[in-house]
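Engineer: Letter by letter, the chains look like this.
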Amino acid sequence: QEKKIKIGVVFDLTGPLAGGGSELGYIGAKIILDHFAKTGVEGYKIEAVYADAQSKPDIAINESVRLLEQEKVDMVLGFFSSAQCVPVAARVEQLKKFMWMTTCISSAVFNDKGYKYVFRPQASGDQFGMMTMDFIAQNAKAKFDKEPKDLRVAIIHEDGAYGVDVSRGNEAGAKKAGFNVVMKEGYSATAPDLSALVTKLKRAKPDVIFHTGYNPDITLLLRQAREQGLKFGALMGHGAGYGVYEKLKEGMGADATYIFNTDPISIWLANQKTMDPKLPPVIKMVGEEFDKIRPGVAIRSAHVGIGASNTYVFMSDVLPRAIKKYGGVDPDALRKAALDTDIPEGGTMLGFGVKFYGEGTPMAGQNERSFPVVIQYIDDKSSVVWPKSQSQREAVLPLPKGTTYSNQ
Amino acid sequence: MMGQGRLVAWAIGLAALIALPFVYRDPYHLHILVLILIWSFAYTSWSIMGRFGLVSLGHGGFMGIGAYVMALLWNHLGVSPWIGIPVGMAAAGVLALIVGYPCFRFRITGHYFVLVTLALSGIVLQVITATRDYTGGSLGYTPNRASGNKLLALQFDDKTTWYLIALGVWLAGIVVWHLIDRSMSRYALEAISEDEDAAAAAGVNVTAEKLKITLISALMTALAGSIYVQYQMFITPDTVSGIAVSLQMVFAAIVGGLFVSLGPTVGAVITILLAETLRIGFGTKAVGWDNLVYGVLLVLFIIFLPKGILGSVLDRLKPQRKVSRAHEQEAIQIARPGT
Amino acid sequence: MQAFLGIFDIYLLEAVINGILLGGVLALLALGLNLIFGVIDVTWICYAELVMIGMYAMYFIVQYYGLSYFIAAPFTILLVAILGAALHYLVIAPLLTAPPINQLLATGGVLFVLQSFATVAFGIDFRNLGIRLPVLAFGDMNFSYARLLSFLAALVGMIAVYLFMTRTFTGTAIRAISQDRQIMALMGVDTKRMYLITSALGGALAGLAACLLVLQYDVHPFVGLSFGPITFLICVLGGLGNFIGGFIAAFLFAEIISLGGLVSDLEWGYVLAFAFFIVMMFIRPAGLLARRR
Amino acid sequence: MLELRSVSAGYGTFQALFDVNLDVKAGEAVGVIGPNGAGKTTLMRVISGLIRPTRGSIRMEGVDVVATPPHKIVSLGIAHVPENRRLFPQLTVDDNLKMGAFMKEARGHYAERLDVVFDLFPRLKERRHQMAGTMSGGEQQMCAIGRALMSNPKLLLLDEPSAGLAPVVVQQVFELVKRIRARGLTVLIVEQNVQQVLKVVDRAYLIEAGAIRASGTSAEMLASDTVKEAYLGV
Amino acid sequence: MLEVSGLVKRFGGFTAVNNVSFRVDQGEILGLIGPNGSGKSTIFNMLSGTLAPTSGSILFGGAEIAGLAPHRIINSGIGRTFQIPRPFRRLTIFENVALAGFYGQGRHSRARAEEAAERSLAMVGLPTDRHASVDGLGAAGLKKLELAKALATAPKLLLADESLGGLDETEMDQAADMLRNIRDELGITIIWVEHIMGVLMRVVDRVMVLDHGEKISEGLPSAVAGDPRVIEVYLGTDAETTQAAAAEARRRSGG
Ligand SMILES: Nc1ncnc2c1ncn2[C@@H]1O[C@H](COP(=O)(O)OP(=O)(O)OP(=O)(O)O)[C@@H](O)[C@H]1O
Ligand SMILES: Nc1ncnc2c1ncn2[C@@H]1O[C@H](COP(=O)(O)OP(=O)(O)OP(=O)(O)O)[C@@H](O)[C@H]1O
Ligand SMILES: [Mg+2]
Ligand SMILES: [Mg+2]
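Protein chains in written order, with our numbering: chain A, 1 to 408; chain B, 1001 to 1339; chain C, 2001 to 2293; chain D, 3001 to 3234; chain E, 4001 to 4255.
Every clue listed holds true.
Straight-line Cα separation of at most 20 Å, PhoX-like style, residue types lysine-lysine; simulated pairs:
id	chain 1	residue 1	chain 2	residue 2
1	D	K3072	C	K2192
2	A	K96	B	K1150
3	A	K175	A	K149
4	A	K355	A	K113
5	A	K273	A	K388
6	A	K355	A	K325
7	A	K6	B	K1285
8	A	K113	B	K1150
9	A	K3	A	K38
10	D	K3154	D	K3178
11	B	K1285	A	K292
12	A	K336	A	K96
13	A	K113	A	K96
14	A	K143	A	K388
15	C	K2192	D	K3104
16	A	K401	A	K143
17	D	K3199	D	K3228
Worth flagging that the hints you see were computed from the coordinates, not collected in a lab.
So that you can see chain A by itself, here it is in the shape it has in the complex (with noise of 0.2 Å):
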């Protein structure tokens, strides 16, 4: 019989988490599925099987039950929003299969679930809310002349399960940081009006907003903003829409430039130097593929490099040890070769390396040497800022006077 692993990949193609970079996640992960397909991987040949969750729960968990009982899959991968990973996990653990995440970063997901079965080599939400806050943190000082006691901070989010977790981060960092917490609020991303949060946002004064959100809300937030004549020092996006810089620019055209985005780095932004000397020709595979399928993009989002990335570790680190290792694909052979997982910074394209929670901890499951970095978007060209490690140029901080945002 010939040996083979298939693979069952959900992310959502349609709906409006398709537009919020889901799709673009399951763009990287094809372009590496396809990579490894070609040679496949220690003898076995590599079958994908793909589903289209429709950015919805329910289908999600309908497409996961589909793939393992009845395609027979023999793990799970992909999924972009944290509503699906929650419940698709607790089923591939209660039928014992084996799931390899490479998005859905709310911490909720595995926050003491004790999966066994279930990986993620993505930062979590809230570690994305405490990055920027971090960053301002260490620079609150130096750019903005205040104590972090005097530094007004708004946090502002979408009130799905992203923006909920990322959120939470921003308050326990702004907490760790001392900083004076003017407003903090959710709103429905599908809400046809945000002018009266902008109005809030004109009385509370922020100097740093925190905001999360998906395409539609950010445009819509930032176009009010102006309107309505918002002032502020600086704007933290946190991936989702952020991510996604053609749409910022297309919807606020000039002032889509010094916005801070924080994000798995863009693989293609990733310090080669300090990387694995065997990704950069991975990066630029991924990255000339992508330009086949969608020529002429001016920055590639980040969640081209997230889906291919996460992929790549579990194909090219995971999938040969359990193989050569523990003797197949089953899923006690994948989730004793992913809990072998040891890869250092640099060895992956997003610079960060691999090592997963054990069995016992409250993530288990959860990558813990993952971390976002900070960019900001200057001139169409998006440069990391942080952390300093990777950091690709002085960030700029405050909004420089004369932009139609900045409070100098």
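With chain A fixed as given, assemble chains B, C, D and E with the ligands onto it according to the hints.
Structural biologist: Relative to the frame of chain A, chains B, C, D and E with the ligands by itself:
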């Protein structure tokens, strides 16, 4: 008035349904079957009032309340679903009464009723989302896994068990449908749906009859919600609330046939199977096409089979009735002066 | 006391005015729906989706064909008008004698169809026209030009439709048709034509709304979900078919969302608006302006 | 003016009229009487195009009515006051009358016609802003006749105009029929109130089970045994 | 058994019923007449609870019923017909009446309701066949159905609104006989609204006349038929026939 023959047919059908999971064990198909049964029950619950012109788009809300109340009680207070489910149903019932009473008292009918109930499900959705600290918001909510007695926690890993539970609940729904169909209340409600004043003049307590049926329907729908969450071990506000779910209920009921007991069930079978087949058929090769085709088919069904699939089939089988003067009556009714 | 008075500041005024401007947007949306839903008593659950198609039309005409906004607008209005007429011809007309619920559902099916059509045809990307209108500033308060435009369009549209409906023969016939369809032929009215005119008019109003909304919102296949339900509620609150009532209801709703969002969380602003709707339904079941029975 | 030749009509599979021949000459008032369910209303509907005959021909001043689309039949000068009035209940009296003048030809004379109608029915003028649905039966009947007169018809079809009206009003209605005739209109009237109607019409037809059983002048009809036994139950 | 005082109903600024007082005695047939729009149906609507009075009192069997919910009034023993028949077309004829029998009598037993339905249908002369559809009924049949529904609620007082409209003369006579039978055999008190004087005057014991919402005359048929004000606003040239009918009725009841 069930004939001998029909009784036998029902008995055989039921026996076959009970035997099914012991013979046929494909887990995914069983999963779909369980979902079909649970949704059939929900749709039947909807149709119990929907068939009398009480078109509610708020049933997603009742389902959500049943599901969330039960799950919240279990997770936060450790209350067994055996108690949680009745409490959830009661909560949905209370809400149904709170909204229903003034609606019926002030004669809110037709489009207006549809939209008031739509607002109701909107509120439930927003409240679940906004109280995310307790309900998990749009991230959804998972009942904690039982550490002890599975039966007490109403949690089973085995699909066959779930299949039988769902079958039982569904059957109960059908029985309730028939009980109502054969009761005097049906006459009253048919009368009310045509002409409230005339019904009242026949001695019918219009408000009470409508409340009664709404209450039954809401209770059953809440039960469907809690069964659903126990089976899926997960619920999001989107699954149960909002216009999409409520529309889905109405769709299935009408596509199947609103005026026959198995209509909503047939509707559930057809809509769910259709959606599954189309999604799997088109797969990721033609993204979005499945919903497009699904929508077109729904529209076609409604245009060409206005009585629903089962309803139309049964009509074919029955001997032709006298030509209806319904179209004329409709106009005359509208033109009725304010007597 | 201090905290309480603290609410009464310039921001409150700004929120009030922004509420009014949002009201303009909602009123514009409610206008066409009110015509269809209220006047000829036909349900278009997919109304907001027609607006969505209109927004796509604007986007493509302006972005791809490089035509100016003002040339694109009439095209779009015409296109959506045709779409409205087609919707009537293909979906509603066969169901005119069916129970109203079937109409509701059929158009609900069209809602799915249009959403997935947009997904298939235009992809899932959020698209933005990228036109940036100037801002009106009054001291510390700033207002959106685009919203002001919507407000004016809604006002003019409402007056025009109102006059059309009450002053012209065709308008009166449109109002009559829902009450006794069969008898219309005795008046010399071609009902088919009348329905087509109304549907096209309803479509055109959706197109007009699309032209103005595209200035403020990203287009994507699900943009209708942001507006659809709330537009329905507004029409009902105002009294189906009552244009002035609908207009006022739009502003009430918008103020509740805006002020509710200011004093509490934005989400609760919406809860409040919905709750207000339900309460009003009981106080004034036939709409805001209806005389009590 | 109006000519029906072997007209058959029905609803679905049910045939309500059998080979009806009927003539109305210009300036005449013609009555149609007959028991319940005889097909009187069906006859009126077939003339005004609300239903199509399954067989036979209908001509109005030589024009083929059957070939004319229903909404154009008013333009031939036929106005129909339907059974049960069928007003637009949510429109005001004014708007109901306006609908009567919907045709292109009538719109120009709207104001004139309105004066004529208000002159005939001062009550309508008083209540012109009331919703038609909330008016009493008699008021509604006036409104319905007024609406039909708005199109300035040559032939007026009245289907049981006296049903449910107070005696004075019944008298007024019949009075009215006379006045309408005096204005040169031709009238075809269906009535249950046989005694009264035979006083105002020149000729009448007795219709029974969808077929014409008898016809003649009013005097002949009153004297006819057929009419008496078939209809008056004497 | 029924005592109405100071009854008023306003619609917006319009007063449809203005300060009307009257009483009806057990076993009597009261004719209620008046020009179109004089408020007759409106009074019926208030008596039966379909409309709530603006003010005034309605004592039925000694209990105040003004403003009660319709079903409670019906249950307390008032039955009504509608001027324009309002049958339930989705139910069969039998079900229509059984419904009224069940709910109108306070929801006793189904058997009792069906029995009442059979009795009422037989009384008005409709078929008691359980599957006959309402669609088969013509104008006369629908009027009979209205009456059967009202009778099935086992009323003590029956409000009959224009039961003759649209009937031919033979049918009218039958209907009038029926009303009289209902009173004579079942002992049901009746208020009857009708415009066909020739028939009404022959049946009723007493007549009350409304005009513009106000009571303008009340008394024995012969007296009312001769009242100049009634002749002016209502009877017109029909006065003579009406008087003749009233006289005939008196002769009959006297003899
Ligand atoms: N819309 C309809 N559909 C089916 N049958 C109908 C329809 N309208 C009338 N009929 C039937 O056609 C026959 C003739 O009806 P029509 O209304 O013409 O009688 P009519 O002489 O006007 O009676 P009435 O005096 O009661 O008004 C009746 O048997 C009636 O039941
Ligand atoms: N809902 C309503 N709103 C406004 N006016 C109304 C309403 N119902 C009735 N009216 C008015 O009240 C008056 C009395 O009406 P009602 O129906 O009681 O008359 P009626 O005596 O029964 O007349 P008819 O003999 O023609 O049936 C009429 O002028 C009518 O227009
Ligand atoms: Mg007739
Ligand atoms: Mg009346």
